[in-house]
Amino acid sequence: MFVSCSDSSFLSSHWKHPISEQGLPPSQFPPLEKSLDPKDCATCHKDQFQNWERSLHSKSVSGGFLWQKEILSANEFRSCLNCHSPLPETKSELDLEYHTTTILNSKSHNFPNGIGNPSILCASCHIRNQIRFGPPPRTNNDKKITSGNIPHNSYVVKNEFESSEFCKSCHESKETGVKLNGKRLMEVYSEWERSPFAKQGIQCQNCHMPDREHSWKGIHDKTFVQKSLLPTWEVKEKNGEYQIFAELKSIGVGHEFPTYVVPKIYLRFYVILNDKRKPLLLEESVVGRIVNTNLTEEYADTRIKPKGSHIVRFDYKPNENSIQEFFWKIEVDPDEQYVRTFQEQLDNRGNELSKQSLILLRESLAEKKNSLYTLFTLSWKVPASLPR
1 MFVSCSDSSF LSSHWKHPIS EQGLPPSQFP PLEKSLDPKD CATCHKDQFQ NWERSLHSKS
61 VSGGFLWQKE ILSANEFRSC LNCHSPLPET KSELDLEYHT TTILNSKSHN FPNGIGNPSI
121 LCASCHIRNQ IRFGPPPRTN NDKKITSGNI PHNSYVVKNE FESSEFCKSC HESKETGVKL
181 NGKRLMEVYS EWERSPFAKQ GIQCQNCHMP DREHSWKGIH DKTFVQKSLL PTWEVKEKNG
241 EYQIFAELKS IGVGHEFPTY VVPKIYLRFY VILNDKRKPL LLEESVVGRI VNTNLTEEYA
301 DTRIKPKGSH IVRFDYKPNE NSIQEFFWKI EVDPDEQYVR TFQEQLDNRG NELSKQSLIL
361 LRESLAEKKN SLYTLFTLSW KVPASLPR
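Using the UniProt record's numbering, the first residue of the sequence shown is number 1, and each one after it goes up by one.
Since the hints were made in silico from the structure, they are not lab data. A hint or two may mislead.
[Claimed, not checked] Taking lysine-lysine and the BS3-like style, the derived pairs with C-alpha atoms no more than 30 Å apart in a straight line are:
(1) K199 x K227
(2) K317 x K217
(3) K238 x K217
(4) K217 x K369
[To be verified] Distance ranges between label pairs, derived from CB positions:
(5) R349 x G134: 43 to 53 Å
(6) L24 x C44: 14 to 24 Å
(7) T223 x K39: 52 to 62 Å
(8) Q356 x E237: 53 to 63 Å
(9) K305 x H45: 43 to 53 Å
(10) C44 x R313: 50 to 60 Å
(11) T43 x L295: 41 to 51 Å
(12) P18 x E325: 55 to 65 Å
(13) C44 x R277: 35 to 45 Å
(14) H45 x T223: 47 to 57 Å
(15) P18 x E175: 12 to 22 Å
(16) W233 x G134: 41 to 51 Å
(17) Q324 x D211: 44 to 54 Å
Each residue gets a CB set at the ideal place from its N, CA and C atoms; glycine is no exception.
Just need the whole structure built from these sequences, with the hints factored in.
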């Protein structure tokens, strides 16, 4: 049945952990509809599947996550699974605690060919107790099957699928979690709630799932980030001294930029002198929330608030050398915190890890190091008609 409503209790029950196993599929379902394998969902939802397959949601259980099972307590690891692998059927692929008769029976019926990827699946968000949930039809003109064999008994419409609150369960740390300088490690929902975007009714899905695209683009996507920021600068010269003023403005980010403690943004300013081949670094700053690897101390928080700016001002007076060019390079390190943490674990505890965990750690560390990219490069040629 199509039931469009906003139910305040829906999200609290939908994301109540531990999520219940799906149980036996309805007997009248054909084999394709009994399967909760995303590849089978792709039979009718091809675009959603292809976008999901390229997304980080489909990689929530990767080597960088799996190797940590060996250093976390059992309770810590199971807590991580609530977001990284929400369904009890997928959890059973990762932890023997979930090898109960009920869960394994449910897995055998709902995933008849096994679970190749125990990450965040279609069913993680859309199915509870064999009932399908989803957002309202796009338009009133959308076709609705009202008779005959309705695919998977139709679905229950919930407006919450298009609200930021739907994302809160996994993208907002619990109040009881770690706090540094009075802030939780993840406060994306709260940051959005205080932003101008929330007041305008712009939800997480409007930016991260445009046109209901199941890609959840974020800090790792260069084009996505470029559209959300505006770098501007000017260079003035007075009595042989150059004054540099630069601004990086957040124009389309509905939360602190960057959010979480993991990513960092590097702003570096260089000058190229006539008699030097290599650029000379003049100034650099870091935009981000900088904490230690133990997550017990915050050193700085220079993140940019929604519609806010990070401003850099400095002066430079060359000696006798004439200047060819100033340039400003902005780099994004999406996984900086992971790189520091993984490297430290490899250095200090590498000999204690099993062979398999060590392989996963090294592979993940290399992957995280390679995620760094250049976001913008701006240049200012000299001599030029500089303002005085």
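Which hint numbers does the structure go against, in order from smallest to largest? When the structure is compared with the hints, numbers 2, 3, 7, 9, 13 and 14 turn out to be violated.
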